[in-house]
Each structure stands twice: as structure tokens, then as C-alpha cells.
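*Asks:* Spelled out, the chains give:
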Amino acid sequence: MQAFEYANPATLQEALGLLGTRWGETEVLAGGTDQLSLMKEYLATPKRLVNIKGIKDLGGIQNTKTGLRIGATVTLEELVENAEVRKVFPALADAARGVSSPQMRNMGTVGGDLCQRPRCWYFRQGFGLLATQDGKALVPNGENRYHAILGNSGPAYFVSASSLGPALVALGAKVRLASSSAHREVAVAKFFVTPQNETSREIALLPNEILTEIIVPHEGMKNASYEVRQKEALDWPLATASVALRMKGSTVASARIVLGHVAPTPWAATQADQALAGKAVTPENAEEAAKAAVADAKPLSQNAYKVQLARVAVKRALLEAVKA
Amino acid sequence: MPDTPNYAWPEMDKRRVMGKPTKRVDGPMKSTGRAKYASDFKQEGLLYGTLLTSPHAHARVTSIDTSEAEKLPGVTKVRTMAPPGTELMWEGQEVASVAATTEEIAKSALRLIKVQYEVLPHLVREDDLSKAGARAKPAGEQVKGDPDKAFQEADAVVEGHYGIPVITHCCLEPHGNVVEWKGDHVNLYPSTQNVSGIGGDMSNAIKVPVTNVHTQMQYVGGGFGSKFSSDSWGIEAARLSKDSGGRPVKFFLERSTELMIAGNRPSAFANIKIAGKKDGTITAWQSESWATGGFGGGGSPPIPYVFDIPNQRKNHTAVSTNCGGARAWRAPNHQQACYLTDSAIEDLAAKLNLDPLVVFEKNLGLTARADIYRAQLHKAAEMIDWQKLWHPRGQSDPGPVKRGLGLAISTWGGGGHNSQCRTNINPDGTVEVELCTQDLGTGTRTIIMMVAAETLGLPLGAITLRIGDSILPPSGASGGSTTVGGVSSSTRKAAVNALAKLLDKVAPSLGTSADQLEAVDGRIQMKGDPSKSLTWKAACQKLGVNRVSEMGENNQRNPGGLNSSGVGGVQMADVSVDTETGIVRINRAVAVQDIGLVINPTTAESQIFGGCIMGICAALYEERIMDQQTGRMLNPDMEFNKLAGIGDIGEILVHLDITPDNDKRGPVGLGEPAAIALITAIGNATANAIGVRVPHIPVTPNRVLDALERRNA
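As given, the protein sequences belong to chains A and B, one line each in that order.
According to our numbering, the first sequence is numbered sequentially starting from 1.
According to our numbering, the second sequence is numbered sequentially starting from 1.
Any given hint could turn out to be false.
[As the list claims (entries may be wrong)] For lysine-lysine, the following DSS-like pairs were computed, each having C-alpha atoms within a straight-line distance of at most 27 Å:
hint: 1; chain 1: B; residue 1: 501; chain 2: A; residue 2: 47
hint: 2; chain 1: B; residue 1: 505; chain 2: B; residue 2: 527
hint: 3; chain 1: A; residue 1: 298; chain 2: A; residue 2: 248
hint: 4; chain 1: A; residue 1: 47; chain 2: B; residue 2: 527
hint: 5; chain 1: A; residue 1: 136; chain 2: A; residue 2: 248
hint: 6; chain 1: B; residue 1: 314; chain 2: A; residue 2: 136
hint: 7; chain 1: B; residue 1: 71; chain 2: A; residue 2: 40
hint: 8; chain 1: A; residue 1: 47; chain 2: B; residue 2: 71
hint: 9; chain 1: B; residue 1: 36; chain 2: A; residue 2: 40
hint: 10; chain 1: B; residue 1: 114; chain 2: A; residue 2: 40
hint: 11; chain 1: B; residue 1: 42; chain 2: A; residue 2: 40
hint: 12; chain 1: B; residue 1: 36; chain 2: B; residue 2: 114
hint: 13; chain 1: B; residue 1: 664; chain 2: B; residue 2: 527
hint: 14; chain 1: A; residue 1: 136; chain 2: B; residue 2: 114
hint: 15; chain 1: A; residue 1: 40; chain 2: B; residue 2: 107
hint: 16; chain 1: B; residue 1: 144; chain 2: B; residue 2: 362
hint: 17; chain 1: B; residue 1: 149; chain 2: B; residue 2: 36
hint: 18; chain 1: A; residue 1: 248; chain 2: A; residue 2: 87
[As the list claims (entries may be wrong)] Stretch-level coverage of chain A by chain B, calculated; a stretch enters the list once three of its residues show a Cβ under 8 Å from a Cβ in chain B:
hint: 19; stretch: 122-136
hint: 20; stretch: 308-314
[Stated by the list, open to error] For each label pair, taking beta carbons as the anchor points, the in silico distance ranges come out as:
hint: 21; chain 1: B; residue 1: 60; chain 2: A; residue 2: 25; range: 34 to 44 Å
hint: 22; chain 1: B; residue 1: 44; chain 2: A; residue 2: 198; range: 38 to 48 Å
hint: 23; chain 1: A; residue 1: 25; chain 2: B; residue 2: 62; range: 45 to 55 Å
No wet-lab data here; the hints were simulated from the structure.
Beta carbons: idealized from backbone N, C-alpha and C, even for Gly.
Looking at chain B on its own, in the form it has when it is part of the complex (with noise of 0.2 Å):
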């Protein structure tokens, strides 16, 4: 056999697994509540931990007395983790923390600590930038070719004012995890995006060896980019154990405290001149800019987005607010670009008196895939009867309900994070494949079975799968959709492996040697002619009585052809209004993604139905309200924080872009691009209905209502 094994994915044409729609195979599990998650875990001994927060948005805790708590019947420990003189710079911020045999006594008792505090001056919102005084931080600004010069020469200028709130992550299971530290080692049963990389971030902050810490995790309810680390709540979930008695302590955070401590989207605002000439070419950008991610600060979306217009000047600012921090959000910094960017290029077009379809395609010279975005601007303007319903800004049947369509279009990096694969062929015909990743719900489960069924040319039911174990060789953690890239050139490479050694040991029997032979529908055979063949069963047995044990390897940096980056999308929004109530509603969403080879088109698919439905959350429902009397998070619920209901979402069509030319580019993950561009979609389609720009978004009646009283006054 060759020195250098062949790991590429075989021919389009040739798969018989892979490519082949797939149900997910723990859909069962799940739908019938087998699946057990960390938030189920139960047994003997079980302590929860819960925390105490504090209720201002900027304070010093001048006083703690725990005494009382420690005293409650069921209460194991209580711990302080915001001593006297501790400033607190967020509500929700951690004060203490309490262990106890039920969850009821565990939150009575944090009712008896008694912390003073002395109340200190907050700053909770951002979107007036006049009033955020010191807090606000500008980062210098940015000029490029020469905006002065552009504007003077433009046929348009059209100047608008555009916001994105923060928002929260929400996922179905709350953050939290099951820690257990006995002796001088530590399960952890968390609900994590990290299973491989947990345990060495907890570790550095409990200073256990790393090796002592073992992780697993078989389900996760959703991260969403919320769930890397260890967290506060995963930290003193082990020191409540180890205080303890080494009991294991259950320790997820309420949806109110999670809303606000676990992690958010970043704001932004922004001020922005756009320039062109008739024949819709964007000449110039100039934005003022400002956002907030919390109190550190951060979410700087990098516009204009995707069209790197010739002459731009740009200001941007972070807020520093008394919130809790911002964590990557399914799209880190683009939905918020996207939001900006696309949204003024509409109403460039609607100023010009242009199809905004035509805008966009015109300066597709300034993306870095101009060919991609034109067959998905054409298809997608296919699947969404664009050029029957769209009609120029404003001009919506008569009646008060009207309907409008809208576009924006999105990028995003993605790849194949490091991830190491074992694959075992045992002499009795069973194979098991062995990596530290999860599923976040996903698919990936379903896509590495694929993989491996497809390379051994197994049946998909014939691999077991063990994924979510610390023991297992590691993988990265599932973000910034890079997992699907990973594990499946990972699982390629080490089946390929597998087989090769398997192929090794049949070929003499076969009378020939390895390089002659394939491994397809559940035979090992001569290439060419299947008469020379063992069932693969039969071939397993000449291994005697030694499995093959063999590894594959994914290097980020280095993918070997197996998977890549970068990726085009088009999404389209087709709306109606009802411009006596301000209510949209969706009629359709279009979704045209490019996405490289597609290993199971069912779970693809699924993946870009979520992140529409996430964008049509963030469109219509989804906002932190934050009040700066009080410095509260008012709405750390799911009553005033909305998210869609099936009722709400419409329908939603979905097309992934397979074509051989794709295909050549291996696995390139798609959650993240998924769930970009129909926010802006959605406003755009809005202001295509209504004639009139919402500025800020959730699309709220109030807004709506208010920008048609801005149109008519």
C-alpha cells in the first residue's frame, strides 16, 4: 500500500452514505426524554448549589453575614464569593453561594444571607451615546480611499440611524453542571460546547491536576456560543463539593440569573451616510458607531459588511455599561454588521428608486465571492417570487396590511478545529468509533457514523459511537462552527487508517494485496470484481484475536484538502404588516447557503431552519430591556423576553448549495452563517412594506407605529 494513505472523501457520485438525507440518531432519544442531559442528573447524595446575586447594577458590599444560612436545617456549606469591599459592577454579579440537600432549602437560604451594600452610580443603557459621558470609549477613527471626495461626487447620499440591542442566548437548558470532588478528583458533568477543554479550564481554577478531571457529557441543551468555560457556577459547584463531604452538587443557574450573567449579545448602533451613483454602485460609507458588551466593553461589528466599499470613514465606540458580559452569539459581530451594512444599502436603493436585488448584485465586485452571491441572489430571488412581489418601497397593495420582501447577505470563516479520532475494528465485525466531541443538537453525532459508514462501507447501524468522554482522544470545542469540518476529517482519516490495516490482513487470503481492494455495501473486494470478496465479517475474523486500534488526526492549520473555510449566504424575508397595529408577520424566509460538501443534508437543513428561526426572534421579539432607574434587567424572563412560536415563524425554505465546485471544498460548518442575514432581511422587507425605515430592531408594533407616524407627519 501506498506510504501516504488516501484520505480524500470519495466522488460525489460514488457515496452511498454520505450525501444521503439521514435522520439524526438520537432523534429517538430525544423525543422520547431518554436522552439524559446534566439537568437530569439524579442520585443518592445529590446536593444543589445556587447562588446569591447581587440585585444592583453597581454596588460595594460593605457587609456578609452568613450565619444565619449556615445554620438552616440541609445546608452543607455557604460560601462567600464577594467578600466586604468587593465592588460589583453588574446585577447578577456573584455574592455568595450555598449547597444544600433540596433546591428549596438550598434558596431559602440564600434569603437568610445578610449582605449591606453601598449603593454606587450605574450606567445600564447605551443607546443614547450623548449620555453614556466617560463610560464611552471611542477607538479612533478610520479612513480609507477618500469619503469627502465620494460624497461630493455621489448621485445619492442617504443618511440613517440604526440600532441592535443586546440580546441573550436563552438556550432550552439553562448553563449550569454537576460537579463532584472527592479525594483529589473531580467529575464533571457539565452543559457544555467543550467537552475536550472543560476540565483543563476548570482545573486551572481549582488547581486539580487536569488528568484528575473527568468530563462527560452525552447531551446539551443549546450553547449558541455561551458555553465554553467552566464558569462561576461550574468553579463553585467543586468547592461545594469538595466542603462537602465530596457529595456531588447540582448547580445550574435560574433562567433569570442565567439572562443576565451568562453571556449576551453585544449592542450596536450606529449613524450612517451611505453614497452612490444611479446605477446603484456604493461609492462611500461613513458610519459613528457604538455598542456595548457589558462592563468590559467589546462587539466592534466590522462594517460595511462583505462589500468593502472604496471610500469609507469610520468611528466606533464601546460603551462600557453595569451589565453582565457579552460571549460569542451564533455569529460573533455579523449579525450586527450585517444589520448596519445591508440595512443602509436598502435604503440607498429605495432613495435611488433601484430593486434592491439589483443593488446588491452591482457591487458584488466589492465581496470576496461575487460569483457565489450572484447564483444565490438569483435562486434565492427564485425560491421567494421576488420578481413578481416585490414592488418599489411604499408602494404595498391598498388596505392597511402590507406586504414586502427584503434581502441581506452574509459571510463567515468557520473550518475544522483540531480533533483526533479512534477507530476500532474488532475481530467479531464490530467497529467503534472513538472521539471527545459533542453534539450540541446539531447533527454531529449522525455525520461521524456517517463518515465512518461510509469509508468502511458499513451500514450506518454497524459503527458505535462514543463521543462526550474526557478519556477520549480530544477534539475541539464546537465553536464558531468549525466542529463538522473536524470531526469528520478526523473520523475520515482514522477509518481510512482502520481499514488500511484491515485490508493488510485480508489480502492474502484474497490472494492479493491491499491496494487491490475496497471496502463497499458490507464487503471487503477486489476492485472490479466483486466475485473475489469476503462479507466483512468474515474479513474481521482474519484479524484472529488483536483488534485495530488506529487514529486520524485534524489539524486546523493544516486540513489536507479534507475540509475548509469561508462561505457566501442569501436570505430573503417576505413580510406582511399590519400598518393599523404594527404586527408583522413572516410569510416566507428563504435561505440559500453555500456550504462545501454536505455530509447529511437532513441535519444541514435543520441546522439553517434553527438559525432563520433565530433570526426571526432577533427581528421581531428579542431585546434586554434594561431600566436605568433601577439598573434591572426587567425582562430576565421568557414572558417579556419573546422568542417565536411556531405560529410566528412562518414558512421557511431552505437551499443548500451542493454543486460539485462546492463540494471540492470538503465540509465548511454552517450553524453560524445560518443565522445572519434574515434579521436584516426581515427589516428591510419591513421598510419595503411600510415605506418607511424602523431604525432600531425588534421590529415592535410601537416602532412601526411610531416610524409611520415620522412617514405622515
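With the rest of the complex left out, here is chain A (with noise of 0.2 Å):
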């Protein structure tokens, strides 16, 4: 790990006040889970770490107006424990278990786990975001077992980490960033970016702004979550659906379907949500939206088998979303 400038902020202006303009010179430490690592193996290298965990404005959740706020150091532990969570938004809580590490889950925040980097083994072995070497991209001739098989046309191969993306984008929720000069705010789904050349980032946030609040309106949808994970201990999904279902009796209205683990963004299956509109959620009606939601993946060497278990968690989280 470099040696580097250590800032422990009370408020969010300080915070604010301590970034920079440019990716690198400055990161931000949430549960450090993700930020620690990546420091230790050089892949960060920041001059100056803000840790945002000491502001109190930052963390808690609360029912508003537009929706429950969930503060950005909230941890995934205290998301899952969180009752209106679990009763309203099963979708969320079922992501955050499935980061199915007590510690992680203790340490690990809301905010981080939309900011955390790619988990593709190139970039962590240094080959960088994109993962080339002498030009060349390694995922579409290399290891690309765990890569993505939607949004894969390059120059990104990489599947997005998040876990609780592809819940907050089903449910609609926003996120709040903020700068020394400036707050706004960004839907989930706009959230996560394909990055298109090596110095950007997989996320709309800038150098100079911190990732301060997530808000997921009631819309009064059914909702779930389904992961395929090979271990039950801590594992990385391979692939993982969130539905949110707006039902009229016992047909679905309109639904948002969201993939992860499959896209370098959480994918929304928009093709899955028009397959299902209109229609009650019977095995035979989630299949046929499972099957919408993958009709374009497109796999590399590797992962054809990524597109089963996408669908399977398709049809798998509807069945789970109109469960009693």
C-alpha cells in the first residue's frame, strides 16, 4: 500500500472539501472492503483517503416523502435487519444477504457496494479496467468464464459488482451525489456507465463528489431477488435477477426486470418486462419472460452457461415476487 494523507471529516462539507478533480488523487473510505484491497494491491494508489464513516448526516434510514432514504454508510447489515426494508423491499434485502459474509456484511455499506470496482481478474491483476495487454483485448480469447454475456460488444467485458444495483434499478430508486458546489441526483439506472476507455469509471460519479443518500420511492410493487451463487459462504454471484412488479389483481401492469452480474452495468431486461405485461406470473409466463430477458446475450468463449443461470434467476425471482 502507498503511503498516503489520511482525512477523518465530521461533516459533509469538509469531506467535500478534501476532493479532488481528477480519479486517483483522492478516493473516499466507506467500509473499505473494496477501497483496502484495491489500495494494497496498487490498483489504488490515492495521495489523500477521505473516510466518510465519522458523518452522521450520512448514514441512517428513513421514510420520506418520496421514499425511504438509505443513508450511503448504512451497512448491509443493518439494511437486512431493517424492518421496512425486509417487509417492503424484499428485493433489497435479499441482495444484501446474498453478500453472504457477516463481516463483509458488517463492514460493508450501502454506498460502497454501488461504488466498488470491478471484480474481473484482469483488472485486479493489473491489465486495467478494459483489460488489454499491448492493445489487445485478453477477455475475448482469455478466462471469461465469469465476464459478461450482455452489453459485451467491448471495449468493456467486465460484469458489474454491485449487488444491490440491479434491486435499487427494478425499484426505481435514485441516488444523491454531492459536490462542494452542487447536489443531484442520478436514477440507479443512469448510475452505472459502460466505461469506454481505459480512464473512465463504471459509475456517473465524479472525482469530486460523494455518493450521499439512495432513495427508493413506494410504488407499491412486488418485488424480489434471486441469485445464483455457487458457495452459500461468501461467493460471487454468477448471475442474479430483481424483479418489481406493479400488479393489477392478479396480472402484472408493468414490470421491471433487472439483471446482474451479466452486463457491465445491471441490465435491464426491458424485452422480459413487456413479455410479462398484461399477463398473470404463472411458471409458464415467467419462463417466457426469463427467456425475453436473454434473447440478446450474446456469450463469449466461456460463459454460454451464464445465460441459463440469468434465466433461471428471472424465472426464479418473479415465481419468488407473487408468492403469497
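Take the two lone chains and join them into the complex the hints point to.
*Replies:* Okay, structure coming up:
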């Protein structure tokens, strides 16, 4: 780990004043479950590290007029244990529970979950976000069993590592981003971006901004997440699906179906949304919607199995959402 | 008293300490964190050593400039290990080492060393033999019997492809040590399986008399066969210490480096043809196998395993890859041999529409211990409810989740390594047992104390044990499952010898001769007349001012009936496979193991639990993933180098084969035998569940779904 200046501000304004305008100079520390690993591997070598866990305003879960407000430094465990979240947004609670290590849930924050870097092993081995060697992309002809099956026409092939992202997109949530001069609100669906060059990031956050909170609107949708994960113990999902359904009686008026860990961003499967609209969630209709969700998938040399896993995740999430 | 003391183990039904389930004596120390490992070592003036390693799988060093690193404040020494011209043969190979006042400074210094490499062509994958070219070295054909005729006459012939990958040890405590080289003396605090021998290994490397190397280690966080020698990180630590004015250097490998260069289990791949009769009799075997153990090659599994099939044709090829070298990995070569053999037998049974339990039993005549295996098969079948739960391959319940059973059998040698023990009985009644062995976490401390307590008629708490220090009588390295046999026998002998001396002193005051006395329940008493007795303490007072100090020795080649080698084991698995996701879950694993005399059933069972958990990890999760494009290992971490967690291991049931017949053989080690068969049993259970063989382990979702797709195509 490269030596760095450690800042421990007590207020958001103070923290924002400590940020730089270029990526890499300053990094934000919350749970540290990813940030410290990146620093140990010299994948992040900030000159200054700004700890935001001491900022009280960034914590807590409250109901507001616009929806449920979740502070950025709320831990995944706090999210799982929150009665309102469990009752109203099981998609979110399920997704957080999928991080199946108590240590990670106790340290990791919701903001950190959204801002963590991809787990692509070429990236983690120092071949860059787009995983190249001598200008050549390594993923298409390499070890790509865990890489993207959607949105993978290049130059990015990694999958978004966020566990909460797909659920928040399905629930129509927004994130609030603050800088010294302005505050803005961005739909979570727009927060994740596919980088087009090596110096871009995979989120819309700017280097001088801090993600302060998440607003999940109360839309009264039935929702659920399903995660295909090989191990019960801590393990990255192979594919996930989060679904939110606006019901009209026993039929789906409208649906938002979002896949996780299959693309460089949470993947809104709009074809599946359309396939399900006006129908009841029967096993057959769920299967049809699941097929539609992966209709555009273009697997790489080793990851065709993920197409099926994503399909199964959608089907199971849909059936879970309408259970009792 | 007789000239030759009787060292024989007490009769089974007369043992008061041995054979009783006993909690490990160092459990509280470990669970409270008071047990200090070499990696916990801290003291004033401690330096931190670290390695710069090759980022390339094959390269030549053309220049190396350490000047900037040397200038970094806090750095005490930079050593070049690969001078210009050195050809580096694998990623992670050592290039330079640094000692500095903090770990962070040492690592920063590494980044200031400028190395230029001429990158050379590499081969890092061996799964496709056709791509190995000149790196493939065939060992030549071996033929036994008349395989051609046997295949022609067979009722069924099955051809299959099987593969088991390279995996790494991934010990809880990474490899490393603290070394202090002051003047002409070296203090070595290693993480090792070989406290007695590692100092000699170090002394050869650094040219210091072995008598000047003092090795101490009380606890080690696992070794599994990978921690016997002083290694480059030990030797560099010594040299860095010497070059830094004799300050101690703590030198532990990063997890990533450890996974690349500190040893691994060789792979094994094979195309196998196996033939049999309608009744399940196996008649012929043909294999074309290949494996890599790294650049030096290595890994030649003894196939067919356990079953000496009468007609065989075998061709094995060693593949040299640009990867770190293999080391012993808990039952070297046996896991691979078991996987290749027992997978093929399961496939033959399926082809013959026979229960594999029947086929295994039918062919026990081809093994060295038919009766033991037969009894074990029956016991394991009962424990896993085989008769009720087994179904012909693929005929599982409707629905996406399929359940299946599988089995495999194993063998191992073991024995008792050379060991010397000293037992002191002091006039104040205290007892010291001293030998330079090590407790890898297996319960060695506990069983030594149990043997001494049993022999001296004392409770466990009356024994003070000293191990892990090279000034103590030497005892062998803990490898090959030879520790329990060695240390129990030397301890037994030393304690018998010491007791004999004590009885000599005590006999006159009880008005009898020593051979009429025995040590029981904290007393020295007349055999058959407990009314004539002294308390242990009173007896020891008869020693006057001099203690009794006696040696005992186990000779590996002549254990005198106290320990033996050669065991069999059967393991079975009950799995559920989600055929929509390809995820395999363990419902139950069963291990029945023959281990001779069991000194402590608690730690013996614990050893087998550990072996089964390693089997589950290897069957479902572990695999070293090499990238042929970059020559790099892509999962040198604990994230994608997956290991099972508590939720992944299901229920594990262990049965120790404790019988008078087995007991007569004395202790036989069980570390290795317990870690062999479950991998294969899980693979076989998966095939039974889903109706098709998943050729390569680990049995990951993608492999299961691929196999199902091929079956359905």
C-alpha cells in the first residue's frame, strides 16, 4: 500500500472540500472492504483517503415523502435487519443477504456496494479496467467464465459487481450525489455506465462528488431478487435477477426486470418487462419472460452457461415476487 | 526386572487415558488467541522482508537496478536474487528481496527496483495435451497381462475422459518465518512441518554449522505437505538479517505469491478405457494420462488405484509448464489416482446397469485388503442409507433438483517416522516429556501427553510437554502421516524406561522387586494388591536429589510392533444437484477409516472431518486458473480460488474402525488417508444424480450444465 494522507472529516462539506477533481488523487473510504484491497494491490494509489464513516448525516434509514431514504454509510447488515426494508423491499434485503459473509455485511456499506470496482481478474491483476495487453483485449480469447454475456461488444467485458444495483434499478431508486458546489439526483439506472476508455469509471459519480444517500420510491410493487451463487459462503454471484411488478389484480400491469452480474452495468431486461405485461405470473409466463430477458445475450467463449443462469434467476425471482 | 522392557501398548480394555475421547490440550490457547505463531512474532528492531517476483511466466532478466530502492528511508538491505542473464521459468519466481523497518516500506521499495525482462514464450496450461508440444515427455508404455484380448472378450467397455486440476495448499498461515542471524548463530522461527530438520536444511544453504542454528516453533497454521524446507524466503530472511546487522527479519509470503510458488498439487488428466463382465468383474484397463507438477514436471498417479486389474496398458506423459513447482499435497498422487480410477469404475458400473457398491465389492480380490474394504463398504453404506437412497444413474426424482450417491475407496502407507523422546521424572513428582516434534493442529500434543499419562498411571494434567525446539531430542518431519506412529512409540518407550528406573528406586520401600510394581491411578502399587502402595508424589521422593531422565526411540524401519503402516478407507457422498443452475450441494459425507490403534478418538475424528472438508473444497470449488495469453495465474487470492464455508459442507459422519484386530497394529497415521476418496465420491454422486459424467473437477455450475447439454444433445 502506498503511503497516503488520511482525512477523517466530521461533516459532508468538510469531506467534499478534501476531494480532488481527478480520479486517483483522492479516494473515499467507507467500509473499506474493496478500497483497502485495491490499495494493497496498488490498483488504487491515492494521495489522500477521506473517511466518511464519521459523518453522521450519511447514516440512517428513514421514511420520507419521496420514499425510503437510505444513507450511504448504512451497512449491508443494517439494511438486512431493517424491518421496513424487509417488508416493503424484499428485493433489496435479499440482494444484501446474498453477500453471505457477516464480516462483509457488517463492514460493507450500501454506498460502497454501488461504488465498488469490478472483480474482473484481469483488472485485479493490473491489466486495466478494459483488460488489455499491448492494446489487445484479453477477455474475448481468455478466461472469461465470469465475464459479461450482455453489453459485451467491447471495450468493456467485466460485470458490475454491485449486489444492490439491480434491485435498486428495478425499484426505480435514485442516488443523491453531492459536490462542494452542487447536489444532484441520478436514477440508479443511469448511475452505472459502461466505460468506453481506460480512464473512465463504471459509475456516473465524479471525482469531486460523494454518494450521500439512496431514495427508494414507495410504488407498491411486488418485488424480489434471486441470486445464483455457487457457494453458500461468501462468493460472487454468477447471475442475479431483481424484479419489481406493478400488479393489477392477479396480472402484471407493468414490470421492471433487471439482471445482475451479466453485463458491465445492472442490465434492464426491457424485453422481459414487455413479455410479462398484462399477464399473470405463472411458471409458463415467468419462463417466457426469462427467455426474453436473455434473448440478446451473446456469450463469450466460456460463459454460455451464464445465459441459462440469468434465465433461471429471472424465472425464480418472478415466482418469488408473487409468492403469498 | 527383565533386560528387555515390555513396551507393548496396554491392553485395550485396561487403558485409562488412551482411547478416551479427549479435547485437544492447546484448544483454549488457540481459540483465545494466546497461541503465538511465527507470523505473530513482534519485537523491538524487527525488520520485514519481502520478495520481488517475476510478473512473467518465462523471461530473462536483462538488467536490474536496485539503487532507488536502497535509498528509500527505512530500507536496510536490497538483495538481487536473479542477476542479469537469469532465465525465470514461472510467474512468481524470485527476483530480489528487501528488508525494511516496516512492511509498507519494504513493499514500496520493491516498486523502486527497476527490472528489464526479455519476455520468452511460455506454456502454462496442460489440459489440452495436443498443445504441449515438446513440453510433453512421454514415460513409455507399460503393459500387463493381455489387454487387447481382455477388451475383446469383455461384456462391456467404457471409454471416458477425466481431469483433476492443479490446486494449491492455501494454508491458513501463509509460508514464512522470522530469522535472526547474529554473529555465527542463527535463530529460526519458522512456520514448518519439520522443526527438527529445517535447521539442517538452512545450515546447508547459508553455510553455518547446524549446531549454530536454533529452531523454535510452537504452533503452525497448517502445512498439508508444503512446509518442509527452509525455502528461499527462509534463506533470504537469514541473509537479509546478517546484512542488516543481525536484526531479526520477519519474512512471510503474500497470499498471492504463496499460491504461485509455495507448492501445489499436480494435475492429472486421462483418457481411460475400462472393461468388465456382466457380473461386474473388472477385466481390463487402458489409460493415456498426463499431468503437470510445474516446470520440473512431476505427478504420476499410481493408476489403476487400489485395484490391481489383471490386464493393463498405460501411457503417462509429464508436461512441463511455466508454473511454480509441485509439493506434497495431503496424500500426494493418491487423490488423482483415486479420481481417475474410481470415476472409471463408477462409469463401468453404470454401463453394466449395476450398483457401484456391488461392483466395488465384487472386485475386492484385486485389492491388498479385501476384508477391511468389505466391512468398510458395508458400514459406510449403512451410514449413508445406500440401500434406500441409491438409484440407477440418472433415475432421480422428477423436478430440477436431483439427488445422487457416490463412493470411492483409498489406501495409504503411513507408518511411524524416526523419533526420540526424553521423559524426566523429578523428585517433586513432576513429569516432563521432551521431543522436537510439531503439532500441525492435528492433536499431536494431546496424544503424546495421553501416551505418557497412560504409561505412568497419571492424569493428563500431570504431564508437562515440551516440543517445537531443536535443542530437544530429534523427531521426524510431519509428512506422510507418520507423526502419530513415531511420537507415540518414542514417548511410550521413554516413559516405560523412566518408570522402570523409578520402580527400581521405590521397590525396596514397598518390600518387593520392581517387576512386581505398577503405576496406576496416581499411585505405585503392588500388582494385584493395591493395599501396598505409595502415592506418585511419595514414590518420586524416593529419588532423593536426582531426577530420572530416560530416552525412548522409534526406528522407522523397526518399530518393534508399536506402530505399523498401510490402511484402507471408504468415503461416500450424498449430493443434490440443481440441474437448472448446475450447483451441487453436499447433503451428507461419510468416512469410514481404518487407522490401527486410536489414541484419541476426538482428534482422530477431527482429522477426518478436515480431510473430508478438503475433499469437498477440491471436488466443488478449487482450481488454479492459468491464463495462456499472459502466462499469469488469475486467481491467486481467496476470492476466485474458492474454498468451502460452513454452509457448504453439509453433514459429515465419521466412523473410526476401532476393533481389536486393528488395535493390534498400533497407531497408523490418518492425515493423508482421510483426504483422498471424497473428491471422487462427490464426482460419482453427481454422475449418479444427473445421469451423466462431469469429466473435470471441480464440479462447477458451468461444467454440470455443459455435461447436461451434451447428454440432451
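*Asks:* Compare the structure with each hint and give your call.
*Replies:* Here is how each hint holds up against the structure:
1. Taken as a hint, the residue 501 of chain B and residue 47 of chain A pair is broken in the structure, with Cα atoms around 71 Å apart against an allowance of 27 Å.
2. Between residue 505 of chain B and residue 527 of chain B the CA atoms are separated by roughly 17 Å; this keeps the pair inside 27 Å, and the hint holds.
3. At roughly 34 Å between alpha-carbon atoms, residue 298 of chain A and residue 248 of chain A are farther apart than 27 Å, so this suggested pair is violated.
4. Pair hint residue 47 of chain A plus residue 527 of chain B does not hold up; C-alpha atoms about 79 Å apart against a cutoff of 27 Å.
5. Distance restraint check for residue 136 of chain A and residue 248 of chain A: the Cα-Cα separation of roughly 51 Å exceeds the 27 Å cut-off, and the hinted pair is therefore not satisfied.
6. Distance restraint check for residue 314 of chain B and residue 136 of chain A: the Cα-Cα separation of roughly 42 Å exceeds the 27 Å cut-off, and the hinted pair is therefore not satisfied.
7. For the proposed pair residue 71 of chain B and residue 40 of chain A, the alpha carbon gap of about 22 Å is at most 27 Å, so the pair holds.
8. Restraint check: the Cα-Cα separation between residue 47 of chain A and residue 71 of chain B comes to about 21 Å, which is no more than 27 Å; the hinted pair holds.
9. Proximity of residue 36 of chain B to residue 40 of chain A is assessed by CA-CA distance (about 25 Å); at most 27 Å being required, the pair is judged to hold.
10. Annotation: proposed proximity of residue 114 of chain B to residue 40 of chain A holds, straight-line Cα distance about 20 Å (limit 27 Å).
11. Proposed proximity of residue 42 of chain B and residue 40 of chain A is supported: the alpha carbons are some 22 Å apart, at most 27 Å.
12. The straight-line distance between the Cα atoms of residue 36 of chain B and residue 114 of chain B is roughly 37 Å, outside the 27 Å bound, and the hint therefore fails.
13. A hinted pair counts as satisfied when its Cα atoms are at most 27 Å apart, and residue 664 of chain B with residue 527 of chain B qualifies at roughly 24 Å.
14. Under the criterion of a C-alpha separation no larger than 27 Å, the hint pairing residue 136 of chain A with residue 114 of chain B is consistent with the structure, at around 25 Å.
15. At most 27 Å may separate the alpha-carbon atoms for a hinted pair to count; residue 40 of chain A and residue 107 of chain B meet this at roughly 10 Å.
16. Proposed proximity of residue 144 of chain B and residue 362 of chain B is supported: the alpha carbons are some 21 Å apart, at most 27 Å.
17. Taking the CA atoms of residue 149 of chain B and residue 36 of chain B, the gap is near 62 Å; set against the 27 Å cutoff, the hint is violated.
18. About 20 Å separates the Cα atoms of residue 248 of chain A and residue 87 of chain A, which keeps this hinted pair within 27 Å; it holds.
19. As drawn, the stretch 122-136 of chain A meets chain B at 5 residues by the rule of a beta-carbon pair under 8 Å; at three or more, the given contact holds.
20. Residue count for the stretch 308-314 of chain A with a Cβ under 8 Å from a Cβ of chain B: 3. That meets the three needed, and the coverage hint holds.
21. Separated by about 37 Å at the C-beta atoms, residue 60 of chain B and residue 25 of chain A satisfy the suggested range of 34 to 44 Å.
22. A hinted range of 38 to 48 Å for the beta carbons of residue 44 of chain B and residue 198 of chain A is consistent with their spacing of about 46 Å.
23. At about 34 Å, the CB distance of residue 25 of chain A to residue 62 of chain B disagrees with the hint of 45 to 55 Å.
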